[in-house]
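Trainee: Whenever a hint applies, use it, and build me the whole structure from the sequences.
In order, the protein sequence lines correspond to chains A and B.
So in my numbering, spot 56 of the first sequence is number 56, and the numbers just go up one at a time.
So in my numbering, spot 13 of the second sequence is number 13, and the numbers just go up one at a time.
Warning: the hint list may mix true and false statements.
[Unchecked claim] In the SDA-like style, the derived pairs of lysine to any residue whose C-alpha atoms are separated by at most 20 Å in a straight line are: (1) B:55 with B:70; (2) A:107 with B:37; (3) A:22 with B:41; (4) A:22 with B:3; (5) A:49 with B:70.
[What the hints assert, rightly or not] Chain A regions said to be covered by chain B (calculated; three or more residues, Cβ under 8 Å): (6) 33 to 41; (7) 51 to 59.
Hints were generated in silico from the structure; no laboratory data involved.
For glycine and all other residues, C-beta sits at the position ideal for the given N, C-alpha and C.
The chain contents come next:
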Amino acid sequence: AQSVAQPEDQVNVAEGNPLTVKCTYSVSGNPYLFWYVQYPNRGLQFLLKYITGDNLVKGSYGFEAEFNKSQTSFHLKKPSALVSDSALYFCAVRDYGSGYSTLTFGKGTMLLVSP
Amino acid sequence: GAVVSQHPSRVICKSGTSVKIECRSLDFQATTMFWYRQFPKQSLMLMATSNEGSKATYEQGVEKDKFLINHASLTLSTLTVTSAHPEDSSFYICSAHGVGVVETQYFGPGTRLLVL
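Mentor: This is how it looks when you write it as structure tokens:
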């Protein structure tokens, strides 16, 4: 079985400061990892993904994430937060090692950026 | 990125009626579409996987006779909530990945259903 853990319900950061939203995963095969952002009453917007290759992945709106196989983590980061980054962030995983092909989502982390 | 649309964006209906939600891939052909349900302040729960031209695969605990899914073309999937009840009120989100783009799912904007 595959699973995703987002240990923080909420992350608070001041505008201009760096932010990190944590994600760890569990799969039996190879992980394909994703970050999505959701604004109120909206669907999910794709931010970035790790499939293979460079462990540091750069995505939309200045976000990046680092794949760490030994720690089974895929934390989302941004060097300088904006108030407009305030939203709900979801980490998701697909396991391509076992043939299981659907996305499993974490419970989400609310990011609040204060002015 | 690829664009997925949903219609309607919100719907209010009386208990006992049926509601149809459409999900369209606007600039790519979607061999597979997914339907999710999201309760307030919770994560997305996969309801079913819809493959073009074949029957949908439902997740455990999802009533296939209540949530009818049709994927008649490579750009359209529909979810019909039959005989809706207040407990069916939720945010329904579809997603799709296209031919040759299987790694990434793109999501629709969601449909807010309120059953009175």
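Trainee: For every hint, state whether the structure bears it out.
Mentor: For each hint, the structure was consulted:
no., hint, result
1, B:55 with B:70, "holds, 8 Å"
2, A:107 with B:37, "holds, 13 Å"
3, A:22 with B:41, "holds, 18 Å"
4, A:22 with B:3, "violated, 28 Å"
5, A:49 with B:70, "violated, 29 Å"
6, 33 to 41, "holds (count 3)"
7, 51 to 59, "violated (count 1)"
Checked against the numbered hints given earlier, the structure breaks hints 4, 5, 7 and satisfies all the rest.
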